[in-house]
Amino acid sequence: MKKLSLILLVFSFSGLFAQPNCEAYKYQGNTLKYEACIKAMEAGKHYQFSKEYQTILDESLAIDPTFDYAYWAKSIAYLKSGDFVTWKKLIDKAVELNPKEHLGYRGWCRYQFFRDYKGAIKDIEKLDSLVDYDIGQGQNGTYHLNIAKGLCYKGIGEKEKAIAIIENQIKLNEAEDFVGAYDYLHLGVLYLETERFEQAIELFKKQSQNNDLAENQYYSALAFLNLDKPTEYKSSLEKARKLYKEGKQISDPYSNPMDKIYLEDIENQLKKVSKNINDE
Amino acid sequence: MKKSLLIISTLFALLSCKSDRKNTEKQSYSRWVGDIAQNEKIDDVTFKVCNGDSQILQYFNLGQGPVYTGEKSSILNTFKSKYETLSDSDQNGFIRLRFIVNCEGKTGRFRVLQSDENFEEIEFDNKIVNQLVTITKGIEKWGIFYRQDDPIDYYMYLIFKIKDGQLTEILP
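Chains as they are written, first to last, in our numbering: chain R, 1 to 280; chain H, 281 to 452.
Note that these hints are calculated values from the structure, not bench results. One thing to keep in mind: the hints can contain errors.
As the list claims (entries may be wrong) - Here are the computed lysine-lysine pairs in the DSS-like style, where the Cα-Cα straight-line distance is at most 25 Å:
hint	chain 1	residue 1	chain 2	residue 2
1	R	159	H	441
2	H	421	R	260
3	H	441	R	245
4	H	328	H	417
5	H	360	R	271
6	H	328	R	161
7	R	161	R	93
8	H	321	H	360
9	R	272	R	229
10	R	51	H	328
What the hints assert, rightly or not - Which residues of chain R face chain H? A few of them, derived with a C-beta cut under 10 Å, are:
hint	residue
11	89
12	155
13	264
14	265
15	269
16	274
All residues carry an ideal CB built from backbone N, CA and C; glycine is no exception.
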């Protein structure tokens, strides 16, 4: 029973497993790739980290060393264990063989797992130059790749560029009624950091209508403080603390996302509030 | 006596900084990618996993994301106060320190992986690596994960992003 629950548990967090369509290779007359694909599918019943999973994919690559999917699938466990050296070698092979399929993924992972902002920007921009369709979401579905790219520009200090990219993508997302779970929050924080406080608050309001978070209320408080609105400042901090304790925070199963705050940050601001009241 | 103990433990600490990564070509795999076997020569012999090596999970397997005692901010504060930036350093890249957190929140079997900004393996100045290892080993209590009320052992890592010898990010 214990073993079963372990298997279930591990599989439920093994990430998206986008399967290729083996029959398509057959239809195209690419027998080698078809066979490599059929072999690779056997790996699906094993955990990405396991000896069995890795070995089956090696066998798939022995059939067809140009089967990019197998390199990609092999790379995942190395990514998640933080072995960036082996991960990079494997994902580079996948990108080399099929750039349109894997550039966006590599760019996203560079951001999510390693905060390699420059590398992520390069990959996402390269993908954009290769295709004439929407480059789509990052692997975990939380962000459009352009939002991730904007956050990477913020990471290297180019905040105005980040704002322009994210503003534009949010407009497109709104038109499709597909705004990301944290899109407004990130843009609001960028406005706050560039001292556009009124605009920041407007965005935080939108975020709270969509998906209120401790971060959202915390940064709202900072904007109110700058606008000299102490009542709103205090009530936002209290809301932030409540949301934080309810677990309503920005989160990711593998890492701490950008703009995340900690309970300590909220408490420190609240201490300032009580100090100010005592001083008066 | 005390001095020789100090020398021995320093030697162990240095040895444990060596990279454990093997060539990926035709390798024989362990149970799971990245498994760390106990090495009596370099690992603390008093460190024990509670449920056996075959039951060690990854930090994200329970779906709670990385968990730190006192949240990640406490880790950030620890490194901020203890890490000393080397002056005039032109060292850039990533250093990963991977280890096991046991059912009591204690750590052991530390292994180091180092790369430049393009993820090509390199070796950083030992003064940087040793500091990171020492500070990490000095963190006494890590988050304990439970599976059906039973505390488990899990693999955890910290990735340090280094720019001009400065510690710019700690992940995950």
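Is residue 360(H) within 25 Å of residue 271(R), Cα to Cα? At roughly 22 Å apart (the allowed maximum being 25 Å), residue 271(R) and residue 360(H) satisfy the hint.
Satisfaction of hint between residue 161(R) and residue 328(H), Cα-Cα up to 25 Å: Violated, at roughly 50 Å.
Agreement of residue 272(R) and residue 229(R) with the hint, judged by alpha carbon distance not exceeding 25 Å: Between residue 272(R) and residue 229(R) the Cα gap is close to 14 Å, so the pair holds against 25 Å.
Would the hint on residue 274(R) be counted as holding, given a Cβ-Cβ threshold of 10 Å to chain H? Check failed: Cβ of residue 274(R) comes no nearer than 21 Å to chain H, outside 10 Å.
Are the Cα atoms of residue 51(R) and residue 328(H) separated by 25 Å or less? The hint holds at about 24 Å.
At a threshold of 10 Å, is the proposed contact between residue 265(R) and chain H supported by beta-carbon distances? 7 Å, holds
Checking one constraint from the list: CA of residue 159(R) to CA of residue 441(H), max 25 Å. Satisfied? 21 Å, holds
Quick one, are residue 321(H) and residue 360(H) close enough, alpha carbons at most 25 Å? The given pair, whose Cα atoms are some 32 Å apart, is violated under the 25 Å limit.
For residue 161(R) and residue 93(R), compute the direct alpha-carbon distance and say whether it is at most 25 Å. 31 Å, violated
Hint consistency between residue 328(H) and residue 417(H) [alpha-carbon to alpha-carbon, up to 25 Å]: Status holds; Cα separation ~15 Å.
Interface hint status, residue 269(R) versus chain H (Cβ within 10 Å): 13 Å, violated
Answer holds if the nearest beta-carbon of chain H is closer than 10 Å to that of residue 155(R); otherwise answer violated. 9 Å, holds
Checked against the numbered hints given earlier, the structure breaks hints 3, 6, 7, 8, 15 and 16 and satisfies all the rest.
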